[in-house]
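Make a model of the complete structure from these sequences and hints.
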Amino acid sequence: MQSNLISFIQMLRSHEVRVSPAETLDATEVTAALGYTDREILRDGLAMTLAKTAEEEAIFLHCFERFFKQGLADFTAPEQADGEQADATPSDEDSETSGDNFDGSPENALEQAAEDSPALRSLMQGPLMQNLLNNERNELTLAMNQAAQQVDLQQIQMFTQKGQFTRRILDAMGEEQIRRAIIELEQAGNPTLPLLQRYRDMLREQVRDYVEREYLLHAEGKTQQFMDEILSKTRLNNIEHVYVGKVQNLIRKMAKKLASQYSRKRKQVKRGQLDMPKTLRKGIPNDGVMFNTYWRQVKKDKPQVLAVCDVSGSVAAYAKFLLLFLYSLQDVLPRVRSFAFSSHLGEVSEYFDDYPVEKAVELINWKYGGATDYGNSLLDFANLALADISSNTTVIILGDARNNHGDPRLDILQSVYQRSQRVIWLNPESRKSWGTGDSEMLRYQSACHFSAECNNLVHLERIIEQLLKSTR
Amino acid sequence: MHTQDFPQLESVERIEQGFEAHGYICSRKIATAVFLAFQLRKPVLVEGPPGVGKTELAKTIAVLLDTPLIRLQCYEGLDEAKALYEWKYGKQLLYTQVLKEKLGDLLKGADGLAESVERLHLFGDIFYSEEFLEPRPLLKAMQQEKGAILLIDEVDKSDYEFESLLLEILSEYQVSIPEIGTVKATTSPMVFLTSNNTRDISDALKRRCLHLYIPFPSVELEERIIQTRVPNVQEQMRHQLVAFVHSLRQLDLKKAPAISETIDWARSLMLLHADELGEEIVRSTLNVLLKYEDDIEATDPALRSLLAGEGTSQPGH
Chain A
18 MQSNLISFIQ
28 MLRSHEVRVS
38 PAETLDATEV
48 TAALGYTDRE
58 ILRDGLAMTL
68 AKTAEEEAIF
78 LHCFERFFKQ
88 GLADFTAPEQ
98 ADGEQADATP
108 SDEDSETSGD
118 NFDGSPENAL
128 EQAAEDSPAL
138 RSLMQGPLMQ
148 NLLNNERNEL
158 TLAMNQAAQQ
168 VDLQQIQMFT
178 QKGQFTRRIL
188 DAMGEEQIRR
198 AIIELEQAGN
208 PTLPLLQRYR
218 DMLREQVRDY
228 VEREYLLHAE
238 GKTQQFMDEI
248 LSKTRLNNIE
258 HVYVGKVQNL
268 IRKMAKKLAS
278 QYSRKRKQVK
288 RGQLDMPKTL
298 RKGIPNDGVM
308 FNTYWRQVKK
318 DKPQVLAVCD
328 VSGSVAAYAK
338 FLLLFLYSLQ
348 DVLPRVRSFA
358 FSSHLGEVSE
368 YFDDYPVEKA
378 VELINWKYGG
388 ATDYGNSLLD
398 FANLALADIS
408 SNTTVIILGD
418 ARNNHGDPRL
428 DILQSVYQRS
438 QRVIWLNPES
448 RKSWGTGDSE
458 MLRYQSACHF
468 SAECNNLVHL
478 ERIIEQLLKS
488 TR
Chain B
251 MHTQDFPQLE
261 SVERIEQGFE
271 AHGYICSRKI
281 ATAVFLAFQL
291 RKPVLVEGPP
301 GVGKTELAKT
311 IAVLLDTPLI
321 RLQCYEGLDE
331 AKALYEWKYG
341 KQLLYTQVLK
351 EKLGDLLKGA
361 DGLAESVERL
371 HLFGDIFYSE
381 EFLEPRPLLK
391 AMQQEKGAIL
401 LIDEVDKSDY
411 EFESLLLEIL
421 SEYQVSIPEI
431 GTVKATTSPM
441 VFLTSNNTRD
451 ISDALKRRCL
461 HLYIPFPSVE
471 LEERIIQTRV
481 PNVQEQMRHQ
491 LVAFVHSLRQ
501 LDLKKAPAIS
511 ETIDWARSLM
521 LLHADELGEE
531 IVRSTLNVLL
541 KYEDDIEATD
551 PALRSLLAGE
561 GTSQPGH
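The listed protein sequences correspond, in order, to chains A and B. With my numbering as the guide, the letters of the first sequence map in order to residues 18 to 489. With my numbering as the guide, the letters of the second sequence map in order to residues 251 to 567.
Mixed in with the good hints, there may be bad ones.
What the hints assert, rightly or not - Pulled a few chain B residues facing chain A out of the computed Cβ check, cut under 10 Å:
{"no.": "1", "residue": "F285"}
{"no.": "2", "residue": "Q289"}
{"no.": "3", "residue": "N447"}
{"no.": "4", "residue": "D450"}
Stated by the list, open to error - Label-pair restraints from in silico Cβ distances:
{"no.": "5", "chain 1": "B", "residue 1": "E411", "chain 2": "A", "residue 2": "Q438", "range": "21 to 29 Å"}
{"no.": "6", "chain 1": "B", "residue 1": "Y325", "chain 2": "A", "residue 2": "Q438", "range": "26 to 34 Å"}
{"no.": "7", "chain 1": "B", "residue 1": "H371", "chain 2": "A", "residue 2": "R313", "range": "26 to 34 Å"}
What the hints assert, rightly or not - Taking lysine-lysine pairs in the DSBU-like style, the calculated list, with each CA pair at most 30 Å apart, reads:
{"no.": "8", "chain 1": "B", "residue 1": "K505", "chain 2": "A", "residue 2": "K274"}
{"no.": "9", "chain 1": "A", "residue 1": "K486", "chain 2": "B", "residue 2": "K407"}
{"no.": "10", "chain 1": "A", "residue 1": "K299", "chain 2": "A", "residue 2": "K376"}
{"no.": "11", "chain 1": "B", "residue 1": "K504", "chain 2": "B", "residue 2": "K541"}
{"no.": "12", "chain 1": "B", "residue 1": "K350", "chain 2": "A", "residue 2": "K273"}
It should be emphasised that the hints constitute simulated quantities derived from the structure, not laboratory data. Given the structure is predicted, the values throughout are model-derived calculations rather than measurements. Cβ atoms here follow ideal geometry from the backbone N, Cα and C, with glycine treated the same way.
Rendered as structure tokens:
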């Protein structure tokens, strides 16, 4: 049971329920305290130690049902299959072998055939064939489990490995003996050939099923993780439409991770507790009279973030994801005001108040999309927000800085740079192409505290994390 | 706390019965949580919508075990001085005054500065000692001889820093006071933390707790709760009102009515001597169930169909 519990926990982990070793220990204590008699109580008890949020609990219940049902199926599945086989053999005797001279059980038939075939003879003496012939399902399951352990089936990662593992388990169980015997029978033109082939196919099918089950248990989650990893490294404008939903989920997941890391609440208390040691110490020069009182904690100003996004055709996809990310973090990040521009600029914060994030992003793209004019847009930005920019403000600008040879109005960005705490420029183009053609990036860069290439989710996450660190 | 001290907690069934005897009807899951909390000496983090009996659970256990209930209500800005301990500053100041007067006697006849300092060292200093320590709920719970039920209510309302403060207490049942040392609980208290999910609790805290989610109860369970809490409601009426509340929960409301509201409503209906759920009486008492004007307005048009449907969750059909 212990090892069962551990592989169950492994399954939970692959389905993204985070279970620490300490919780594993708790779970074993829980099983010891509750016993195995009442399945429901055990389930609830384990859920309390292993799943720590409502979502995790839902995953837990799903996995629990599947895993512990699975444990039973290991024994019943071969039984069923063998049952079918038991039904099948008499009929196949009728159809295939009735015309031949041997009657009775398939075992007898095969034994007769074995007399002229050394490979079949050695096969017939082996435990595998005996178990197959006698419907020893427990023995077969056991052999299958042992073989699976031998080849480390639990390490299965990707669905493409299923065939490979099936083959390895078959080899470990000694299937090649059957293969060899089949070749011999084939060469000899022996009539028992289809009979033996049937046994082989049955065995293969069962192993395949077994591998499939184990894959679902251990690797389904891993494949998902692999997909996520690939997606997060793909350039955001290359992500195909079908995956956009997936990326949004991924962003939400990343945002949640960051949020829980940085979800400290800012202290807004002006004056905390009396700092007694300090008050005493500072009183020493005054002959021990505590003349001044000293207090812990000081007030911090609340920072704000201004996100300025280019939503023209070339950058729209990136802007979308940046905004998605920023607004998924609304609980953690300080006040976010967002602006969108292409030829002119406007504040779009209220869209996010009125609509869900995805919808708001679409509306903004639709309203502000067009040809880019950075100079004009910066002017609009200055009119709208320059007065609000203070030393607590972080300004994030997302754009390719391709200004169609217009006036870049660097002076405005410089004044933003001087007034704000930080100006961050995110450019989806790779660093090499900055400054080529109509790109004004190198000039704008001079008026930024920090500029970075940002075209996939990993970049995005890294930058947002920095933002969180600095705004805290 | 040991099993032999509290036979009330020796099995899940026993706990269920004990709770029922004290008027707290609970699901099997809740009883299992209490059983495990006691067996493994782990705190329980209870989550769920407001009004499903999270706080009530801790209170009932305290009554069941006849142990003191120590309650700490969390809020933003709660710090160790209010939760853990505080020094009695006034007395400490007086003490320094007393010391000053004694200083002359103490140093009388001392030869030179070095000897004076040495004498000062030898003099027992109780400035930071238990005499001047004012215990707050957490420390108080550690100091109870026979164990206690510690209820840390609405832990999600406290600051992040406060959670870290709780970690030592929850895993080791001890409190570190820098000036004195560690105070270990003589008998580890049973700890319940409640949360309304207004923010995520840190993983470190969650890891140390058993996690119990109490959802809204099933119809059967809620009927049993009403039966226990408001025994003079007729069976027919009870069935009707629970079904009505359940259909309300299916609607898109700002705040769905919880068990406590159902109980209040059943009581108000009894006070008004209603023996059947008519549209009129429901409309006039709806404010007991729904706490937002918007919710009441949204429900009003669907009221008749809700009552007629008696529990079918499709209003307006």
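Going down the list of hints, with the structure as the test:
Taking 10 Å as the C-beta cut-off, the interface hint given for B:F285 holds, the closest approach to chain A being about 7 Å. Interface hint status for B:Q289: upheld, as the beta-carbon distance to the closest one in chain A is roughly 4 Å, under 10 Å. A least Cβ separation of about 8 Å between B:N447 and chain A falls short of the 10 Å threshold, and the interface hint therefore holds. Because the smallest distance between the Cβ of B:D450 and any Cβ of chain A comes to about 5 Å, under 10 Å, the interface hint for this residue holds.
Take B:E411 and A:Q438: their Cβ atoms lie about 24 Å apart, and the range 21 to 29 Å holds. Under the hint 26 to 34 Å, the C-beta atoms of B:Y325 and A:Q438, about 31 Å apart, fit the expected range. In this structure, B:H371 and A:R313 meet the distance hint of 26 to 34 Å, their C-beta atoms being roughly 29 Å apart. Only pairs whose Cα atoms come within 30 Å are accepted, and B:K505 paired with A:K274 is accepted, the gap being roughly 28 Å.
For the suggested pair A:K486 and B:K407, the alpha carbons sit about 23 Å apart, so the restraint of at most 30 Å is met. Restraint check for A:K299 and A:K376: not satisfied, since their Cα atoms lie roughly 59 Å apart, outside the 30 Å limit. Of the supplied pair hints, the one linking B:K504 and B:K541 holds, its CA atoms being roughly 9 Å apart against a limit of 30 Å. A hinted pair counts as satisfied when its Cα atoms are at most 30 Å apart, and B:K350 with A:K273 does not qualify at roughly 58 Å.
When held up to the earlier numbered hints, the structure conflicts with 10, 12 and fits the remainder.
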